[in-house]
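Peer 1: Here is what each chain is made of, one letter per residue.
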Amino acid sequence: AQKITQTQPGMFVQEKEAVTLDCTYDTSDPSYGLFWYKQPSSGEMIFLIYQGSYDQQNATEGRYSLNFQKARKSANLVISASQLGDSAMYFCAMREGLGSGGSNYKLTFGKGTLLTVNP
Amino acid sequence: EAGVAQSPRYKIIEKRQSVAFWCNPISGHATLYWYQQILGQGPKLLIQFQNNGVVDDSQLPKDRFSAERLKGVDSTLKIQPAKLEDSAVYLCASSLDPAGGELFFGEGSRLTVL
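Residue numbers (our numbering), protein chains in the order written: chain P, 1 to 119; chain C, 1 to 114.
Since the hints were made in silico from the structure, they are not lab data.
None of these values were measured; they are calculated from a predicted model.
One or more hints might be untrue.
Once the Cα atoms are required to be at most 20 Å apart in a straight line, the calculated EDC-like pairs of lysine to aspartate or glutamate come out as [stated by the list, open to error]:
{"id": "1", "chain 1": "C", "residue 1": "Lys44", "chain 2": "P", "residue 2": "Glu44"}
{"id": "2", "chain 1": "C", "residue 1": "Lys78", "chain 2": "C", "residue 2": "Glu14"}
{"id": "3", "chain 1": "P", "residue 1": "Lys111", "chain 2": "C", "residue 2": "Glu107"}
{"id": "4", "chain 1": "P", "residue 1": "Lys111", "chain 2": "C", "residue 2": "Glu85"}
{"id": "5", "chain 1": "P", "residue 1": "Lys73", "chain 2": "P", "residue 2": "Asp22"}
{"id": "6", "chain 1": "C", "residue 1": "Lys44", "chain 2": "P", "residue 2": "Asp26"}
{"id": "7", "chain 1": "P", "residue 1": "Lys111", "chain 2": "C", "residue 2": "Asp86"}
{"id": "8", "chain 1": "P", "residue 1": "Lys3", "chain 2": "C", "residue 2": "Asp57"}
If you want the footprint, here are the derived chain C segments under chain P, 3+ residues with CB under 8 Å [what the hints assert, rightly or not]:
{"id": "9", "segment": "36–48"}
{"id": "10", "segment": "87–94"}
Some residues of chain C that are not near chain P, with every Cβ distance over 12 Å (derived) [stated by the list, open to error]:
{"id": "11", "residue": "Arg64"}
{"id": "12", "residue": "Pro81"}
{"id": "13", "residue": "Lys83"}
Yeah, the Cβ is synthetic: ideal placement off N, Cα and C, and Gly gets one too.
Take these sequences, add in the hints, and give me the full structure.
Peer 2: Right, dumping it as structure tokens:
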């Protein structure tokens with residue numbers, strides 16, 4: 001089974017509007033972390049935002065916020081006031097086993113969503 | 001602070017040839033990761049190092065791929081012999097510790113196997 005599912009291969013949004021990128025995850029681990037990365041055409045992965053499974057409040061970083069619904073196992077990224085420079089691939093990722101005391105906390109990525117911001 | 005450095009940025013080889021990629025993580029980062037990203041897919045972890053020890057190499061095709069991090073700093077990923085399906089971007093990432101914080105990625109090395 002897929003650990004991270006991003007159901008939107010592509011999304012379009014008008015400049016200055018808000019957009020939500022979907023992410024659902026699958027884990028039985030009580031302690032985990034969820035990440036969103038942006039990958040522009042240059043190829044570098046840029047960290048955007050992080051949500052821990054025990055965090056009570058939704059994470060926010062500037063124009064990025066994470067809509068965390070633990071019971072539904074979803075961690076959608078909301079980008080407010082879209083800009084042309086937001087056009088890129090966006091990846092949701094999960095790190096499990098944070099409370100296990102081990103050392104293997106690999107990040108598992110979804111397949112990504114290609115966001116295009118139209119002027 | 002310097003970011004994660006990778007080289008070469010681009011490499012074109014023929015199948016059955018060999019290739020090596022180099023990565024220098026952010027200074028002080030104990031954990032280093034190599035990911036493979038095939039076009040249209042998310043990155044897939046190949047190998048994770050903690051200092052100079054291997055933590056996870058369960059998805060590394062060990063018959064053709066090898067990686068080392070001898071002094072616990074920079075790392076080399078080698079493919080020998082290369083196959084067509086190895087065409088991908090090889091991303092190196094580092095983190096301060098394995099349990100917390102984000103991974104910092106390099107710009108990647110794009111491999112084309114003809």
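Peer 1: Going back to the hint list, which numbers does this structure go against?
Peer 2: Result: no hint breaks.
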